[in-house]
Amino acid sequence: MVSFKCHFAYSTVLTSPFPHEKQAFPVPSSVLVHEHQVDPNCADMLLLNCTKLEIKEMLEQATSSILAPSWKLFISILLRLVMTCFIIGEFVPLPISNNNYIKTLYLFIAWGVSFQFDIRVYELCFCMCVNVLFIALNYNALSKGIFQFTSQDFLLQPVWEFFMWGFYVLHAMRSLGDYSCSSVRPKKREILIIGFFKCFWNF
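Heads up: the sequence shown is residues 1 to 203, going by full-length UniProt numbering.
Source of the hints: derived by calculation from the structure; they are not laboratory data.
Backbone N, C-alpha and C fix where the C-beta goes; we use that ideal spot for every residue, glycine too.
One should not assume that every hint holds.
[What the hints assert, rightly or not] Beta-carbon label-pair distances, calculated as ranges:
1) 132 x 152: 38 to 44 angstroms
2) 115 x 155: 34 to 40 angstroms
3) 77 x 145: 18 to 24 angstroms
4) 122 x 142: 28 to 34 angstroms
5) 174 x 133: 17 to 23 angstroms
6) 119 x 147: 36 to 42 angstroms
7) 113 x 173: 15 to 21 angstroms
8) 99 x 129: 39 to 45 angstroms
9) 73 x 155: 22 to 28 angstroms
10) 139 x 168: 40 to 46 angstroms
11) 124 x 144: 27 to 33 angstroms
12) 81 x 146: 33 to 39 angstroms
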């Protein structure tokens, strides 16, 4: 392949479509820099001894480095929309079906998709503990007549109520990650949690 000398505008830092992101654009190692005098007004112009294939390679790298953040943003927005649709979709079976077992099955499918069917054993154990706690809290309030469900299956509650709170708490933990209550001291956080659960009890 015949080499030819060319003036090639090469910026050491390539600015992406996002102002806070700047990405370096590497030059192939086979490209040899020819001795030249740098124009003070064009400090980033290099005189390169390069082939057509090497120029094509550099242009492809530049294009991919610009488009990559755009694809990541698109995928992130798409995932957020899908997750939002599934959360909204949880309310779909409430008015269209009077069978609590069908509602529960639908909710299990929606929760599984929202978790991408990736639930660890310790997370399942955590959900069970949360469900048991809320079942007890609900039954305590229901038995005292604080509120009641129009449809009751077990312990004055519909069957989907036995699984719902574990999902919501786990979903909140996954959404917040390690940033939940990070600015709150442990003792204060425990007081807030106890105060929240105390709201469900009528002493």
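Results for each hint:
1. 132 x 152: 38 to 44 angstroms: Violated - the Cβ-Cβ distance for residue 132 and residue 152, about 19 angstroms, lies outside 38 to 44 angstroms.
2. 115 x 155: 34 to 40 angstroms: Because 26 angstroms falls outside the window, the suggested range is violated.
3. 77 x 145: 18 to 24 angstroms: 47 angstroms, violated
4. 122 x 142: 28 to 34 angstroms: At 30 angstroms between Cβs, range holds.
5. 174 x 133: 17 to 23 angstroms: Roughly 19 angstroms apart at Cβ, these two residues keep to the hinted range, so it holds.
6. 119 x 147: 36 to 42 angstroms: 30 angstroms, violated
7. 113 x 173: 15 to 21 angstroms: The hinted range 15 to 21 angstroms holds for residue 113 and residue 173, with Cβ atoms some 18 angstroms apart.
8. 99 x 129: 39 to 45 angstroms: Violated, at about 28 angstroms.
9. 73 x 155: 22 to 28 angstroms: Since the Cβ atoms of residue 73 and residue 155 sit about 47 angstroms apart, the hinted range of 22 to 28 angstroms is violated.
10. 139 x 168: 40 to 46 angstroms: Violated: the Cβ-Cβ distance is about 18 angstroms, outside 40 to 46 angstroms.
11. 124 x 144: 27 to 33 angstroms: 31 angstroms, holds
12. 81 x 146: 33 to 39 angstroms: 38 angstroms, holds
In the structure shown, a violation is registered for the earlier hints numbered 1, 2, 3, 6, 8, 9 and 10, in ascending order.
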